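What follows is the residue order along each chain.
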Amino acid sequence: MNWFDFPYFAAAATLFWVIAMILLFVSNKNTNRWSHVFIILGLATMISFATILWVRIGRPPMRTLGETRLWYTLFLGLIGYAGYLKWKYRWFISYSLGMAILFLGINALHPETYDKVMMPALQSPWFVPHVIVYLFAYALLAASALVALKGCWLMFRKQSTEKLLPLADNMVYLGVSFLTLGLLFGALWAKEAWGHYWTWDPKETWAFLTWLAYLGYMHIRHFRPGNAKTAFRILVFAFGILILCWFGVYYMPSAKQSVHTYSQQ
Amino acid sequence: MPETQNKIMWQAPWGYRESFSISVGLLFIGWLLEWFSNAPLVEIASYPTNRYMAVIWLTVGAVLFFTARKNFLVKWLSSVPAAIASVGLLALLSLFLGFFAQTPNDTSILGRLGISHMTDSWPFLIAILWVIICLEMAVLKRIRRFKWKDTWYILSHLGLLIAIIGGVFGAPEVERLVMNAFEGRTIWMAQQPDGKMKEVPVAVKLINFDIEEYPPKLAIVDNTTGKVLESMGKPQYQLMDEDTLQIWKYQIIVKKYYSMAAKVEKAYYPVETIGAAPAALITTTRNGQTTEGWTYSGSLNFQPEALKINSEHSLIMLPPEPKHYFSDAVVITPDQKRDSVRIRVNEAVKVNGWKIYQLDYDTDMGRWSNKSVLELVHDPWLPIVYIGIFMMIGGAIMLFWQGKNNSSK
Ligand code: HEM
Chain U
3 MNWFDFPYFA AAATLFWVIA MILLFVSNKN TNRWSHVFII LGLATMISFA TILWVRIGRP
63 PMRTLGETRL WYTLFLGLIG YAGYLKWKYR WFISYSLGMA ILFLGINALH PETYDKVMMP
123 ALQSPWFVPH VIVYLFAYAL LAASALVALK GCWLMFRKQS TEKLLPLADN MVYLGVSFLT
183 LGLLFGALWA KEAWGHYWTW DPKETWAFLT WLAYLGYMHI RHFRPGNAKT AFRILVFAFG
243 ILILCWFGVY YMPSAKQSVH TYSQQ
Chain A
358 MPETQNKIMW QAPWGYRESF SISVGLLFIG WLLEWFSNAP LVEIASYPTN RYMAVIWLTV
418 GAVLFFTARK NFLVKWLSSV PAAIASVGLL ALLSLFLGFF AQTPNDTSIL GRLGISHMTD
478 SWPFLIAILW VIICLEMAVL KRIRRFKWKD TWYILSHLGL LIAIIGGVFG APEVERLVMN
538 AFEGRTIWMA QQPDGKMKEV PVAVKLINFD IEEYPPKLAI VDNTTGKVLE SMGKPQYQLM
598 DEDTLQIWKY QIIVKKYYSM AAKVEKAYYP VETIGAAPAA LITTTRNGQT TEGWTYSGSL
658 NFQPEALKIN SEHSLIMLPP EPKHYFSDAV VITPDQKRDS VRIRVNEAVK VNGWKIYQLD
718 YDTDMGRWSN KSVLELVHDP WLPIVYIGIF MMIGGAIMLF WQGKNNSSK
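Residue numbers (the working numbering), protein chains in the order written: chain U, 3 to 267; chain A, 358 to 766.
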């Protein structure tokens, strides 16, 4: 089996990344040189594995469930690290590496999925990017909602929220950039798989509404930057819509027509 | 905040209150038009009217901007409150769209207000036109005093504008037709959404439809309940991709396996007839007790067969699931050019401006289906939409890199 060495690579990458995260949190500085080294070592391990696998099976490893998770791991690591280099949010790199390790773990525990091919509609080069950018978007927007909740609480206690609003704003900007990519990759994929890029399918409509809610936030903030209370409230509300979109779609009368309600198996 | 409180409504400059009032007004105008107009919008906005509408609407915006840039109305159109109110109206209509099931010929109140055929209703068209003009103004405003720092802004906003224009004004020209192709026959008629048949400039001769399948799955069932045994709340299915497997507490050895087989007297033999299905000769072992026998997944022509392991349990084989399905076909264009193609899910084929998608097949017949359902799609505005989408992708990546602090003044 071509995945024979996987557990070793997975264990090595996990080890490197766990060390990196520990270093990040024990050192007081936001950038610890050794943590960078270990993050890169972990990335290099996964890139090597993906390369070896690719050469061995003689085709891009993008067809099976197990292979899909391999890409999640790799890109979560790469984008997480790039984002960390740029923005220095420790939680961001920890989330990215944490998710990456999670996918490694699922793969290691379920070797049968290495060969489990996905249903035909899911076998698309857009599938992996689509999922990855949404993983980042939801994480960043959830973080912004937490910041907003903290802001509301501090305002309630009549304490200063000076630093929180710029942080929330930046997270929304980053989150919306991923959300936009998610929507667009989804559209490109839909064109390839179902013949049209946008069909107002309920799932699409609700994703669109989530996006609009955050666009609303960005524009309102741009127009009148001063009002922190309203900003925090809108942000919590927008995250409410996100959650509704994520979990609620299946219960709407319109959902009977959705093409996105696949149940695998 | 002070300006909205001290200012009398409708006194320039307009803010959120005026903008949202206009949204509400437009919504009612849309509903009135929807209620009283007799001709369905789909027909009014069909080719070539859609092209005139696109040109006129964009020109109106541009002329307004360049002749009356300082006018308070134009300033308002390029302001955030107008943007929020216009997008807000679109969001409200999308909310209806996301909530209510869409049925074209609905005569209830929802139908008469256009809510159950939202995407071709008057309110929706009006909302989109309003969003378009606001967006156009917002883009022109920044382009006029362009700074490199604003590249992401132009890419996002202009990209969105271009994509919306391509999508909205191009919609009446999108054709999506369904073609039932049969092996050995050449077909150039396809069905429109309204059920009428239409000749297409691409003829398809289906050579062969086929399905690649996964190995079948095995499972153990309880003889009395007939249910698949579970472990940790999940039914235990095992893909039969190796010769030795472990399901539940049974050790399973696959001694013989035929992917296409049929029963002759007591055993299974490889055959190629219609309805042949996977069969396996299997040994199961548990606590030193061994059972051997055939299990068969069955098909439209043949009964499945379970292997009875003991009084408690049986081993069953599930019909294999499709891995890929595809149509090998020859496509012929009016100038008699022929091309051999393979059309599969997620891999459409492009011929003569049309894209051909693998949609479906005769699922009762499975891999013996000699019918393949294809979808033919023609969208002349697609390149415009793609330009917009790729500009937006560029804008989003730049937005990620610049973040909040570097992108605003
Ligand atoms: C891809 C979707 C969009 C994104 C990511 C986006 C993002 C933004 C951002 C971040 C700003 C602040 C600009 C700055 O900080 O310099 C802004 C401004 C603005 N946006 Fe958008 N926006 C989008 C769609 C729209 C739409 C649909 C409209 C109008 C209907 C619109 C109208 C405006 C206006 C009027 C401004 C203010 C421009 C100015 O003050 O110069 N945007 N947009």
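Some hints here could point you the wrong way.
Said to hold, decoys possible - Using 27 Å as the maximum straight-line C-alpha spacing, the simulated DSSO-like pairs for lysine-lysine come out as follows:
(1) A:K364 with U:K231
(2) U:K88 with A:K506
(3) A:K761 with U:K165
(4) A:K761 with U:K90
(5) U:K165 with A:K680
(6) A:K504 with U:K205
(7) U:K152 with A:K761
(8) A:K504 with U:K88
(9) A:K707 with A:K562
By construction, these hints were calculated from the structure, which means they are not laboratory data. Here the structure is a predicted model, which means the values were calculated and not measured.
Now the hints, each set against the structure:
1. Of the supplied pair hints, the one linking K364 of chain A and K231 of chain U holds, its CA atoms being roughly 23 Å apart against a limit of 27 Å.
2. Between the alpha carbons of K88 of chain U and K506 of chain A the distance comes to roughly 17 Å, so the proposed pair stays at or under 27 Å and holds.
3. Using a Cα cut-off of 27 Å, the hinted pair K761 of chain A and K165 of chain U holds, with the two alpha carbons roughly 14 Å apart.
4. With a C-alpha separation of about 15 Å, the suggested pair K761 of chain A and K90 of chain U falls inside the 27 Å cut-off, and the hint holds.
5. Note on K165 of chain U and K680 of chain A: the hinted pairing is violated, with a Cα-Cα distance of about 53 Å set against a maximum of 27 Å.
6. The straight-line distance between the Cα atoms of K504 of chain A and K205 of chain U is roughly 37 Å, outside the 27 Å bound, and the hint therefore fails.
7. For the hint pairing K152 of chain U with K761 of chain A, the CA-to-CA distance comes to about 20 Å; that is within 27 Å, so the pair holds.
8. As the CA atoms of K504 of chain A and K88 of chain U are separated by approximately 23 Å, the hinted pair is consistent with the 27 Å bound.
9. Between K707 of chain A and K562 of chain A, the direct Cα distance comes to roughly 15 Å. Compliance with the 27 Å bound is thereby established for this hinted pair.
The structure fails to meet hints 5 and 6 from the earlier list, while all remaining hints are met.
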